[in-house]
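Undergrad: Residue-level listing of the chains:
Number of protein chains: 4
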Amino acid sequence: MQQTAILLLHCPDKLGIITEITKFITDNNGNIVYLDQYVDKIDGRFFMRVEWELDNFAIPAEKISEYLETLYGQRYEMEFKLSFSSKKPRMALFVSKMSHCLYDLLARYNAGELDVEIPCIVSNHEDLRYVADQFGIPYYVWSINKDWSNKQEVEKAEMDLMKEKQIDFIVLARYMQIISEEMIRKFPHNIINIHHSFLPAFIGAKPYHQAYQRGVKIIGATSHYVTSELDAGPIIEQDVVRITHKDTPETLVLKGKDLEKIVLSRAVKKHIERKILTYHNKTIIFS
Amino acid sequence: MQQTAILLLHCPDKLGIITEITKFITDNNGNIVYLDQYVDKIDGRFFMRVEWELDNFAIPAEKISEYLETLYGQRYEMEFKLSFSSKKPRMALFVSKMSHCLYDLLARYNAGELDVEIPCIVSNHEDLRYVADQFGIPYYVWSINKDWSNKQEVEKAEMDLMKEKQIDFIVLARYMQIISEEMIRKFPHNIINIHHSFLPAFIGAKPYHQAYQRGVKIIGATSHYVTSELDAGPIIEQDVVRITHKDTPETLVLKGKDLEKIVLSRAVKKHIERKILTYHNKTIIFS
Amino acid sequence: MQQTAILLLHCPDKLGIITEITKFITDNNGNIVYLDQYVDKIDGRFFMRVEWELDNFAIPAEKISEYLETLYGQRYEMEFKLSFSSKKPRMALFVSKMSHCLYDLLARYNAGELDVEIPCIVSNHEDLRYVADQFGIPYYVWSINKDWSNKQEVEKAEMDLMKEKQIDFIVLARYMQIISEEMIRKFPHNIINIHHSFLPAFIGAKPYHQAYQRGVKIIGATSHYVTSELDAGPIIEQDVVRITHKDTPETLVLKGKDLEKIVLSRAVKKHIERKILTYHNKTIIFS
Amino acid sequence: MQQTAILLLHCPDKLGIITEITKFITDNNGNIVYLDQYVDKIDGRFFMRVEWELDNFAIPAEKISEYLETLYGQRYEMEFKLSFSSKKPRMALFVSKMSHCLYDLLARYNAGELDVEIPCIVSNHEDLRYVADQFGIPYYVWSINKDWSNKQEVEKAEMDLMKEKQIDFIVLARYMQIISEEMIRKFPHNIINIHHSFLPAFIGAKPYHQAYQRGVKIIGATSHYVTSELDAGPIIEQDVVRITHKDTPETLVLKGKDLEKIVLSRAVKKHIERKILTYHNKTIIFS
Chain F
1 MQQTAILLLH
11 CPDKLGIITE
21 ITKFITDNNG
31 NIVYLDQYVD
41 KIDGRFFMRV
51 EWELDNFAIP
61 AEKISEYLET
71 LYGQRYEMEF
81 KLSFSSKKPR
91 MALFVSKMSH
101 CLYDLLARYN
111 AGELDVEIPC
121 IVSNHEDLRY
131 VADQFGIPYY
141 VWSINKDWSN
151 KQEVEKAEMD
161 LMKEKQIDFI
171 VLARYMQIIS
181 EEMIRKFPHN
191 IINIHHSFLP
201 AFIGAKPYHQ
211 AYQRGVKIIG
221 ATSHYVTSEL
231 DAGPIIEQDV
241 VRITHKDTPE
251 TLVLKGKDLE
261 KIVLSRAVKK
271 HIERKILTYH
281 NKTIIFS
Chain E
1 MQQTAILLLH
11 CPDKLGIITE
21 ITKFITDNNG
31 NIVYLDQYVD
41 KIDGRFFMRV
51 EWELDNFAIP
61 AEKISEYLET
71 LYGQRYEMEF
81 KLSFSSKKPR
91 MALFVSKMSH
101 CLYDLLARYN
111 AGELDVEIPC
121 IVSNHEDLRY
131 VADQFGIPYY
141 VWSINKDWSN
151 KQEVEKAEMD
161 LMKEKQIDFI
171 VLARYMQIIS
181 EEMIRKFPHN
191 IINIHHSFLP
201 AFIGAKPYHQ
211 AYQRGVKIIG
221 ATSHYVTSEL
231 DAGPIIEQDV
241 VRITHKDTPE
251 TLVLKGKDLE
261 KIVLSRAVKK
271 HIERKILTYH
281 NKTIIFS
Chain Y
1 MQQTAILLLH
11 CPDKLGIITE
21 ITKFITDNNG
31 NIVYLDQYVD
41 KIDGRFFMRV
51 EWELDNFAIP
61 AEKISEYLET
71 LYGQRYEMEF
81 KLSFSSKKPR
91 MALFVSKMSH
101 CLYDLLARYN
111 AGELDVEIPC
121 IVSNHEDLRY
131 VADQFGIPYY
141 VWSINKDWSN
151 KQEVEKAEMD
161 LMKEKQIDFI
171 VLARYMQIIS
181 EEMIRKFPHN
191 IINIHHSFLP
201 AFIGAKPYHQ
211 AYQRGVKIIG
221 ATSHYVTSEL
231 DAGPIIEQDV
241 VRITHKDTPE
251 TLVLKGKDLE
261 KIVLSRAVKK
271 HIERKILTYH
281 NKTIIFS
Chain Z
1 MQQTAILLLH
11 CPDKLGIITE
21 ITKFITDNNG
31 NIVYLDQYVD
41 KIDGRFFMRV
51 EWELDNFAIP
61 AEKISEYLET
71 LYGQRYEMEF
81 KLSFSSKKPR
91 MALFVSKMSH
101 CLYDLLARYN
111 AGELDVEIPC
121 IVSNHEDLRY
131 VADQFGIPYY
141 VWSINKDWSN
151 KQEVEKAEMD
161 LMKEKQIDFI
171 VLARYMQIIS
181 EEMIRKFPHN
191 IINIHHSFLP
201 AFIGAKPYHQ
211 AYQRGVKIIG
221 ATSHYVTSEL
231 DAGPIIEQDV
241 VRITHKDTPE
251 TLVLKGKDLE
261 KIVLSRAVKK
271 HIERKILTYH
281 NKTIIFS
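Residue numbers (our numbering), protein chains in the order written: chain F, 1 to 287; chain E, 1 to 287; chain Y, 1 to 287; chain Z, 1 to 287.
Bear in mind the hints are in silico, worked out from the structure with no lab data behind them.
Glycine included, every Cβ here is placed at the ideal spot set by N, Cα and C.
Treat each hint with caution, since some may be false.
Estimated spans, in silico, between C-beta atoms of each pair [stated by the list, open to error]:
#1 Z:I137 <-> F:G44: 52 to 60 angstroms
#2 Y:K151 <-> Z:D127: 36 to 44 angstroms
#3 F:I42 <-> Y:K206: 43 to 51 angstroms
#4 E:S143 <-> Y:K97: 37 to 45 angstroms
#5 Y:N56 <-> E:G112: 51 to 59 angstroms
#6 Y:K97 <-> Z:H280: 39 to 47 angstroms
#7 Z:E182 <-> E:G112: 32 to 40 angstroms
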């Protein structure tokens with residue numbers, strides 16, 4: 001596999017943008033290996049993901065961003081993000097007591113399905129240290145007092161760890177703690193959560209019990225970027241499973257666990273592949 | 001097909017109920033053709049649907065209810081509902097301007113899939129009269145003023161019609177009007193609505209626009225019994241379809257229409273077959 | 001809505017095709033309202049659908065095809081098909097005795113969901129004439145003898161009718177007759193069938209009985225273009241529904257009917273919107 | 001949790017069986033905690049699963065089977081299987097090189113979701129020994145020669161191990177070897193396989209490549225009991241996922257892996273819970 005550049009961009013929709021960008025790449029001997037674009041007619045906005053091989057590319061990798069800004073950035077009011085396949089994203093996993101999402105991500109990681117580094121696992125409980133040990137990944141525990149008296153201090157330590165480990169994004173793999181606004185600001189649209197309901201139904205605590213109480217016939221799970229409003233960030237992926245009146249909160253939890261891990265892993269994979277753009281609290285997911 | 005008796009019952013779960021009821025039927029020469037039961041361990045409640053052939057049944061049809069009440073009703077604190085396959089339920093359809101649910105129900109009716117009578121279609125608009133005419137079913141229109149000044153009067157007329165036509169249950173096939181509490185009380189758990197969202201998400205008006213705004217990746221439709229609280233009655237059936245960021249409110253409406261008609265028709269069919277029990281604002285759906 | 005030109009094309013994948021085509025359109029003042037492309041890396045083939053407004057387009061509609069052929073056709077070994085939104089496709093429906101697919105298509109047609117003309121319905125039985133009458137569409141019946149002795153003669157009459165009615169494509173809406181190779185050749189990838197199984201499982205007759213016999217836990221329906229090999233043409237759309245051991249061949253038929261009509265209607269809609277390309281017995285479906 | 005007896009039975013459908021069996025249990029002071037039954041009207045056969053608490057049961061556990069045989073076995077031509085919640089089934093896992101199903105089962109096992117013993121993992125390759133080591137489960141490798149010259153010898157060794165470990169049932173968690181008839185006979189309906197297609201479509205080798213070639217729009221996975229005919233045993237569970245023309249054999253493999261592990265784990269769980277009856281090459285799955 002050759003090294004590639006990955007460009008994610010969006011801007012007001014104008015005639016000829018796709019032509020210009022693809023011409024820029026091909027004129028400079030870049031071989032385009034992926035191109036997908038989408039026009040939001042309602043917002044009048046253009047979204048694009050393009051990936052090209054760098055081997056014979058006329059512009060040095062470290063200069064591409066500058067060229068893009070100069071040539072198109074201002075002219076098209078374009079917001080863009082350039083990354084390189086050679087730089088693996090670094091992911092931190094936050095967990096509490098349930099192992100299913102953690103195992104699912106680590107099993108994929110071990111099988112080579114996720115092109116990512118996992119420098120650390122963080123938790124508020126000792127419970128899952130044995131899983132981290134199984135996979136040889138450092139496990140850090142900071143207990144949070146029930147009265148949250150040490151919450152700020154813990155988050156400070158966690159953020160120091162994120163900095164030390166050069167973490168690019170955080171995955172809350174059933175981490176049962178609220179993340180502070182300060183931490184969210186440090187990782188804008190780079191904290192991925194799994195909520196165990198079909199959002200926006202059953203926001204907040206104990207969604208399976210809420211679902212049982214309401215008597216729904218289908219339950220779901222939702223992976224989304226964390227924003228300051230609870231369970232209201234841009235949705236990345238959702239899935240559902242059919243249930244019946246025979247299900248209890250306990251069987252809902254079991255069925256839901258299968259949804260949660262698959263939905264979270266799909267979202268994480270899309271994020272790692274840099275196939276997600278966010279705009280107006282929604283996601284554009286490239287195929 | 002022989003005539004059958006259909007018994008739906010629920011009561012506090014006690015040892016031996018199923019034995020007693022089935023023994024009662026078989027001892028009196030009833031041939032059981034359907035039996036399904038369910039115990040809600042959390043509420044400690046027993047639910048059952050049993051259907052048997054009446055041909056050689058020792059007790060006359062019109063006396064069975066009395067026998068059941070005497071033998072088991074009080075003893076088991078049993079609520080039950082007895083009906084007969086020989087008596088087709090009579091269904092009124094309420095519609096506004098969209099034809100998809102109406103066509104779906106009438107096409108099934110014509111194909112013999114629904115064992116029901118449809119004595120009338122009621123609307124607040126003239127728009128769908130041509131559909132009623134296509135199927136030769138009387139169509140009644142009462143316009144409701146925007147300020148609801150004639151709402152009470154219209155509902156009075158509608159209820160008179162229901163009485164005259166001996167209607168057993170009402171189906172709101174995308175009828176875009178709130179039903180008054182008085183009317184709901186006259187048809188307890190006998191008014192079936194289709195809501196164009198995955199309840200409890202997106203209660204109220206314009207759910208597809210709400211879904212678009214929220215950026216969900218799956219939309220749904222929900223059929224439920226109408227109760228006095230808006231979109232909060234017992235859910236009978238739900239289904240969903242996957243969407244993407246490419247969908248607009250318009251394409252959501254189109255995709256949703258397919259869900260709505262299938263979900264509503266499934267719910268109506270279960271109701272007609274007397275396979276639904278309601279308890280604590282939930283439904284038990286027999287297979 | 002302005003009139004648009006719709007271009008579907010495929011050719012060996014080469015650098016710069018998308019740039020050239022979009023440049024051709026925008027240089028001639030065409031406003032692109034739809035663009036989607038796909039590269040099959042395995043076959044090294046490029047597929048594209050582009051749609052643009054004709055109002056200020058510099059090239060007259062009747063000349064566009066010639067220009068495309070001259071400028072790109074040979075150079076890129078491009079196969080393309082140009083059509084115009086102003087020309088509604090003309091669809092013939094072939095049916096036998098089951099009404100569900102017919103009703104579903106006609107109800108959508110009446111609701112304005114299908115941008116199509118339906119000049120005729122053809123059948124080998126009188127059974128569904130009443131449906132055609134309900135919708136005021138001419139209904140033609142040619143019985144086919146059990147020994148197929150008049151099969152050739154009937155197909156001759158049907159093809160004369162297709163010619164007279166200027167039919168663009170045929171939809172077999174549960175038409176229970178084999179189509180001859182001659183007729184298939186006259187409508188290459190323009191005859192759409194619905195097969196009541198999850199192809200390639202259960203090819204041929206009585207697929208629901210086959211599914212019952214095999215004890216599958218999910219059944220499906222498949223819409224595909226008809227080719228000379230039975231049930232083996234390019235698949236357009238499929239969907240499935242979960243079943244259980246409680247289902248009988250009869251309940252499978254009922255559940256399957258819901259699948260069939262939705263799957264067929266989705267396929268027909270995509271075809272009408274000219275969003276399907278076929279290549280190597282597969283379909284590329286644009287969104 | 002009290003110890004329970006679990007009775008799975010089937011017999012020709014006759015009046016009063018359910019009454020007799022439940023009366024037998026309750027008369028002997030057994031508290032029924034689970035009861036589900038199903039009548040196959042087409043085959044005229046009755047199926048039942050009943051579970052009751054043993055604490056005050058009048059008949060000693062080791063005598064119940066004898067009583068059932070004497071009282072009902074011959075009289076009703078009943079086939080039944082009695083087991084006890086106190087006796088955990090012992091499961092052997094057979095794997096080759098892919099880890100996803102193995103990880104999924106072991107992660108559930110570790111989380112306490114599967115009430116089972118796993119005394120050994122068997123493979124024809126060393127590749128997954130590290131997974132077995134992570135979970136501290138003995139891992140046995142017998143390579144099979146390409147010409148199968150040592151196949152019989154290897155199976156002999158495997159069966160000796162099964163005997164030594166007192167294995168009740170075998171799970172082929174993507175084990176890429178044919179099982180001999182002799183081994184199948186030793187574990188009748190006790191070898192569970194996962195096939196990576198929606199059976200009966202794409203039987204045999206490389207189903208994802210077959211699916212790619214055929215151009216299907218949905219792929220599936222099937223868990224079934226192994227019988228002597230390849231991929232033709234009783235189906236326990238199936239699930240599917242939607243794909244598009246953009247998928248390659250490689251992405252199908254990735255999407256399929258998620259299906260395979262979930263479908264296999266669901267089937268294994270049902271088997272462990274003794275909720276599966278087989279009859280005429282089909283399964284009855286109790287809820």
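Undergrad: Confirm or reject each hint.
TA: How the hints compare with the structure:
For the pair I137 of chain Z and G44 of chain F, the beta carbons lie near 58 angstroms from each other, so the given range of 52 to 60 angstroms is met. A beta carbon spacing of about 58 angstroms between K151 of chain Y and D127 of chain Z contradicts the range 36 to 44 angstroms that was offered as a hint. At about 47 angstroms, the beta-carbon gap between I42 of chain F and K206 of chain Y stays in the expected band of 43 to 51 angstroms. Separation of S143 of chain E from K97 of chain Y is about 41 angstroms and conforms to the stated range, judged on CB atoms against 37 to 45 angstroms.
The hinted window of 51 to 59 angstroms between N56 of chain Y and G112 of chain E holds, with their beta carbons roughly 55 angstroms apart. Hint check: K97 of chain Y to H280 of chain Z, Cβ distance near 31 angstroms, so the stated range 39 to 47 angstroms is violated. For the hinted restraint 32 to 40 angstroms between E182 of chain Z and G112 of chain E, the CB-CB distance of approximately 53 angstroms leaves it violated.
The structure does not agree with the numbered hints 2, 6, 7 stated previously, though it agrees with the rest.
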